Each structure stands twice: as structure tokens, then as C-alpha cells.
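A.B. asks: Chains F and U supply the protein sequences, listed in that same order.
Take 23 as the starting number for the first sequence in this note's numbering and just add one per residue.
Take 444 as the starting number for the second sequence in this note's numbering and just add one per residue.
The hints are simulated quantities; they were obtained by calculation from the structure and are not laboratory data.
Small disclaimer: the values here were computed from a predicted structure and weren't measured.
Certain hints may be false.
What the hints assert, rightly or not - So, partial list: chain F residues that the calculated Cβ filter (under 10 Å) puts toward chain U: (1) Ser49; (2) His51; (3) Gln70; (4) Gly78; (5) Phe82; (6) Leu105; (7) Ser108; (8) Ala109; (9) Tyr124.
Unchecked claim - Computed spacing ranges between beta-carbons, pair by pair: (10) Gly25/F x Gln499/U: 32 to 42 Å; (11) Gln63/F x Ser517/U: 36 to 46 Å; (12) Gly120/F x Lys521/U: 42 to 52 Å; (13) Ala459/U x Gln63/F: 26 to 36 Å; (14) Gly528/U x Thr121/F: 22 to 32 Å; (15) Phe91/F x Glu458/U: 21 to 31 Å; (16) Ser485/U x Glu76/F: 45 to 55 Å; (17) Pro452/U x Thr27/F: 40 to 50 Å; (18) Pro452/U x Pro83/F: 45 to 55 Å; (19) Ser485/U x Ser49/F: 34 to 44 Å; (20) Leu89/F x Gln445/U: 43 to 53 Å; (21) Glu76/F x Met454/U: 19 to 29 Å.
Claimed, not checked - Short derived list, chain F residues pointing at chain U, Cβ under 10 Å: (22) Ser55; (23) Pro84; (24) Phe86.
Cβ atoms here follow ideal geometry from the backbone N, Cα and C, with glycine treated the same way.
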Amino acid sequence: ETGVTQSPTHLIKTRGQQVTLRCSSQSGHNTVSWYQQALGQGPQFIFQYYREEENGRGNFPPRFSGLQFPNYSSELNVNALELDDSALYLCASSLDPGTSFYEQYFGPGTRLTVT
Amino acid sequence: AQTVTQSQPEMSVQEAETVTLSCTYDTSESDYYLFWYKQPPSRQMILVIRQEAYKQQNATENRFSVNFQKAAKSFSLKISDSQLGDAAMYFCAYRTPRGNQFYFGTGTSLTVIP
């Protein structure tokens with residue numbers, strides 16, 4: 023059983039550029055949630071994809087968008103990067119949300135630096 | 444919107460002693476789920492313990508236990524017989540019933556003193 027993987031590990035972008043982060047969910051999981059974790063802060067929920075559809079969204083602007091593929095891997099896209107987007111981006115995979123034993127498994131994260 | 448508050452940015456404990464980390468939350472829902480996550484310096488988040496709001500019994504996982512006070516909206520984590528490997532950031536988190544919204548606290552950095 024493979025765990026949650028994310029790529030790339032680190033990324034440096036310039037303000038105004040666009041970035042795509044990738045997440046491979048744990049084998050058998052159909053749900054992926056994305057989080058932004060600024061330095062010294064707790065993770066902030068960006069959105070969740072369940073069976074290729076957006077299933078929930080946090081308080082993030084539309085320039086944060088995502089995709090989930092038939093194999094349940096996922097992408098996070100951020101357009102028009104701002105300096106405040108510099109953070110660790112975490113993805114977490116799980117089985118069907120809403121179930122009592124719902125449990126998320128986190129990936130190691132992608133460190134994004136915007137200059 | 445729900446909020447999760449961890450009022451202790453840093454805590455320390457002697458090895459083998461017991462420490463309690465505090466968490467309060469705000470919600471208007473009656474059914475929800477609460478979690479404690481551990482994030483070691485290597486940064487991969489790990490689930491420590493979870494509590495379903497409809498259960499009155501406090502959850503326990505080996506040396507980790509919670510004190511869930513639903514009326515007070517309090518959810519503290521007790522670590523018994525602290526070990527050096529317990530040193531990490533600990534995050535309290537709230538999950539909505541549908542499982543499609545999560546709220547994390549700002550974390551408590553736990554240091555274990557040998």
C-alpha cells in the first residue's frame with residue numbers, strides 16, 4: 023500500500039505566475055483535500071475533491087482551483103501568484119467523506135515560495 | 444464559520460511526565476468530529492486521536508487520551524508517560540458532519556525534556 027505523495031517537494035515562483043501542484047492519493051482512496059499552511063500557522067482548508075467533483079471549499083479566491091482525475095490523483099492550480107501564497111501546501115487523501123471512520127492521510131507537502 | 448482555538452503556542456514536559464494540550468472550538472452544529480494531529484519536524488501530519496461528538500465516552504489511544512466537554516466546546520489532549528518522540532507540533536481540528544470542511548487550530552509546539 024503506497025502512501026500519499028506530492029510533487030514537487032519545493033518550488034520557487036515569481037509573483038503573477040501560475041503554479042500546479044500534484045498529489046497522488048493513497049491506494050483505494052477516492053477523496054483528496056488540499057490545505058495551505060503558512061509558516062507557524064495551522065493548515066487552512068482550500069477545497070476537497072470527491073470522485074472527481076469539488077465537494078467542499080474553504081475561504082480561498084477562485085484563482086485557487088483544482089482537478090481530480092479518474093485514478094483519484096489531484097492537482098492544485100494557483101493563478102496570479104501573490105507573495106502571501108508562499109506556504110506549505112498539503113494534500114490529504116481518504117475514503118468517502120461523511121463516514122464515521124473517515125480518516126485523512128497526509129502527504130509530505132510542497133513548499134512554495136513566491137518572490 | 445467554525446473556529447478552533449489553541450491558546451498554548453508552546454508547552455514543555457519532562458520525559459515520562461504527563462502534559463495536557465488545550466483546544467476550544469466554536470460551532471452551532473450538534474454532530475461533528477474532532478481530531479488531534481501531530482506534525483513532527485519532518486512535517487508529515489499524523490492522526491493522533493479522534494472523537495465523535497455524539498459519543499460521550501472520551502477517546503483513548505495508548506498513552507493519548509482526550510477530555511471532551513461538549514457543552515463547554517472543549518477538547519483537550521493528554522499525553523501520559525511522555526517520550527522524546529512526542530516532540531512535535533500538535534494541531535486540534537474540527538470536521539463537519541459531511542466531512543467536506545475542516546478547521547485547524549494554530550498549533551501547540553511540544554518540547555519533551557530528557
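A.B. asks: Hints first: check each against the structure and report whether it holds.
C.D. replies: How the hints compare with the structure:
no.: 1; hint: Ser49; result: 17 Å, violated
no.: 2; hint: His51; result: 13 Å, violated
no.: 3; hint: Gln70; result: 5 Å, holds
no.: 4; hint: Gly78; result: 3 Å, holds
no.: 5; hint: Phe82; result: 12 Å, violated
no.: 6; hint: Leu105; result: 21 Å, violated
no.: 7; hint: Ser108; result: 15 Å, violated
no.: 8; hint: Ala109; result: 12 Å, violated
no.: 9; hint: Tyr124; result: 5 Å, holds
no.: 10; hint: Gly25/F x Gln499/U: 32 to 42 Å; result: 34 Å, holds
no.: 11; hint: Gln63/F x Ser517/U: 36 to 46 Å; result: 22 Å, violated
no.: 12; hint: Gly120/F x Lys521/U: 42 to 52 Å; result: 29 Å, violated
no.: 13; hint: Ala459/U x Gln63/F: 26 to 36 Å; result: 31 Å, holds
no.: 14; hint: Gly528/U x Thr121/F: 22 to 32 Å; result: 30 Å, holds
no.: 15; hint: Phe91/F x Glu458/U: 21 to 31 Å; result: 46 Å, violated
no.: 16; hint: Ser485/U x Glu76/F: 45 to 55 Å; result: 30 Å, violated
no.: 17; hint: Pro452/U x Thr27/F: 40 to 50 Å; result: 31 Å, violated
no.: 18; hint: Pro452/U x Pro83/F: 45 to 55 Å; result: 28 Å, violated
no.: 19; hint: Ser485/U x Ser49/F: 34 to 44 Å; result: 22 Å, violated
no.: 20; hint: Leu89/F x Gln445/U: 43 to 53 Å; result: 27 Å, violated
no.: 21; hint: Glu76/F x Met454/U: 19 to 29 Å; result: 37 Å, violated
no.: 22; hint: Ser55; result: 7 Å, holds
no.: 23; hint: Pro84; result: 18 Å, violated
no.: 24; hint: Phe86; result: 15 Å, violated
Violation of the numbered hints given earlier is confined to hints 1, 2, 5, 6, 7, 8, 11, 12, 15, 16, 17, 18, 19, 20, 21, 23 and 24; the remaining hints are satisfied by the structure.
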